[in-house]
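Q: Sequence:
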Amino acid sequence: MRVHPLKFLGLLFAALLLAGGKSLASQDEARVKATHNGLDARIPVLLLTGANNHDWKWTAPRLARVLEESGRFAVTISEKPGEVLAQPKELAKYKVLVLDYNGPRWGDAAERGFLEAVKNGMGVSVIHAANNAFPGWVEYEKLVALCWRKGTGHGRFHPFDVKVVDLDHPITQGMPDMRMHPDELYHKLVHMHDTDYRVLATAHSSKKSGGTGNEEPMILVKMYGKGRIFHTPLGHVWTKVPGSRASFADPQFRHLVARGTEWAATGKVTLPASVPNWLTAEEKKEGFRLLFNGRDLRNWRAYGKKVQPKKGWVVQDGTLHHIQDGGGGDIASVEQFGDFDLRFEWKVAKGSNSGVIYHVQERKGPSYKTGPEYQILDDVGRKPAGRHSAGALYDLVVPKGKKLSPVGQWNTGRILIHKGRVQHYVNGVQVLEAPIAGDEWKAMVAASKFKDWPEFGIFDKGHVCFQDHGGAVWYRTIRIKSLEE
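Counting from 1, position 37 in the sequence shown corresponds to residue 63 in our numbering; the numbering is continuous, with no gaps.
Some hints here could point you the wrong way.
Capping the alpha-carbon separation at 30 Å, the derived lysine-lysine pairs in DSSO-like fashion look like this [said to hold, decoys possible]:
#1 K189 to K248
#2 K468 to K428
#3 K145 to K214
#4 K395 to K337
#5 K310 to K428
#6 K311 to K331
#7 K121 to K294
#8 K428 to K475
#9 K214 to K233
#10 K376 to K119
#11 K487 to K311
#12 K445 to K426
#13 K189 to K311
#14 K121 to K248
#15 K311 to K119
#16 K390 to K426
#17 K428 to K445
#18 K121 to K145
#19 K189 to K119
#20 K106 to K252
#21 K409 to K468
#22 K468 to K507
#23 K390 to K331
#24 K83 to K168
#25 K507 to K390
#26 K214 to K266
#27 K311 to K507
Computed beta-carbon distance windows for the label pairs [stated by the list, open to error]:
#28 A411 to D465: 22 to 30 Å
#29 N146 to L193: 27 to 35 Å
#30 D351 to A411: 51 to 59 Å
#31 T292 to S232: 32 to 40 Å
#32 V455 to H219: 46 to 54 Å
#33 P87 to R324: 21 to 29 Å
#34 P87 to D478: 50 to 58 Å
#35 D465 to L509: 18 to 26 Å
Worth flagging that the hints you see were computed from the coordinates, not collected in a lab.
Think of the CB as a built atom: it goes at the ideal place given N, C-alpha and C, for glycine as much as any other residue.
Please model the complete structure; the sequences and the hints are all you need to start from.
A: Spelled out as structure tokens, the structure:
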């Protein structure tokens, strides 16, 4: 690929880079193991790097983080692909290979091992300049399908939209278009050896940016034997040009790589279609804002204190996570809210219990002494009464019509409070509506376990709290819209 000086970056690039840079800098190199019931359920990934005409020493560890922050992968990085690929027993430990490599050939034994593993079902993710690699290696070119070869090029590094054109594939099903992604836009990739492939998304290569004026493929997939191949030419990072790292800072790109790699490994995609901890253009227009950015606890503090919790609550793989028996107490939003629309994702470990408590005023007692609660629970493991089950207005109203995801998988929650009434939603379904003020509310409280708590449910404004009930619970994509007049 030609040297690209990248002498400019707009404010958008700088903002994306700053956000992504802080995320990467703040994460410890020793990754916290993502476990479920004590077993590591992550997909084993082998990331092949060690040579590239791009900044592989920077991109390889970042690609590992991109995958691990999703919670689905355990990544091993190899800077010597020729050695590991020549060892069938070692290679058999992995379900998917991620290619961040563009350098010398690997050698006969390694190349045979690579092709044999893929033909037998190992997945492959081809990232950016990996499609430049190995001119003349016919089988590799068939596997990649569209390669950087004579006649291929790109315009200026700039923000552009990536449009999903095939919504029937697991990677792109339900996935929104990528908006204003900063990157190089490869054009005129060469179709190799008439091999078949399927385009899932394209981008317009504008002549104004130095492109072709055509739609160019940005996400493609194919089969190579039994192996699933995910390929994206996105993800340009040029050596000694820090501004080009904006491509990796974009949460949309990070989410795409995780979804594509999950499909390559398993044939399915369990990760959400929307980008976690990211507002869509529609949500921004409606007035939503994030209460959790997936990187730190800046909008949160320990209940009843002015500092963040010192234990129990951690930011792990883009989630707000309470560790099993970790302590720390409840965590409270810094701000207070009255009428609002709060939306979030949640999951629990087997037997775990938590809650989202709202209109909380900090007193000497716990948060639930003042605030009503959206119940978070493992219904299957705990078999609660209806008023204490997931999605309930705790001890007050039974949720109806809900369908929960299996324990350990994500659910969506929503709490809507407006003009003295509250609604709870579970996975997009309204499961209850009730008063939250007035005489009817007072009568409900008088018939509940809260009847002797004089300050329970009397406030029309307060903090949002996530409950520490001892169990392991995860939250993410926490966003809120004020409905105050």
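Q: Does K294 lie within 30 Å of K121 when you go C-alpha to C-alpha?
A: Distance ~13 Å between K121 and K294 Cα, so the pair holds.
Q: I want to verify a distance hint. Is the separation of the beta carbons of V455 and H219 within 46 to 54 Å?
A: holds (49 Å)
Q: Is K121 within 30 Å of K145, Cα to Cα?
A: Between K121 and K145 the Cα gap is close to 12 Å, so the pair holds against 30 Å.
Q: Within a Cα-Cα threshold of 30 Å, do K189 and K248 meet the stated pairing?
A: holds (19 Å)
Q: Starting from K214, check that the Cα of K233 is at most 30 Å away, please.
A: Measuring from Cα to Cα gives roughly 13 Å; hence the hint holds.
Q: Is the hinted range of 21 to 29 Å satisfied by the C-beta distance from P87 to R324?
A: For P87 and R324 the Cβ distance comes to about 25 Å; the hint holds.
Q: Going straight from one Cα to the other, do K395 and K337 come out at no more than 30 Å?
A: holds (23 Å)
Q: Keeping to a limit of 30 Å between CA atoms, is the pair of K428 and K445 held or broken?
A: holds (25 Å)
Q: Can the suggested window of 18 to 26 Å be confirmed for the beta-carbon pair D465 and L509?
A: Holds: the Cβ-Cβ distance is about 23 Å, inside 18 to 26 Å.
Q: Please work out if K145 and K214 have their alpha carbons no farther apart than 30 Å.
A: holds (28 Å)
Q: Next pair to validate is K468 with K507; report whether the Cα-Cα distance is within 30 Å.
A: It holds: about 27 Å lies between the C-alpha atoms, which stays within 30 Å.
Q: Regarding the pair K428 and K475, is the alpha-carbon distance no greater than 30 Å?
A: It holds: about 24 Å lies between the C-alpha atoms, which stays within 30 Å.
Violated hints, in rising order: 6, 15, 16, 19 and 30; the structure is consistent with all others.
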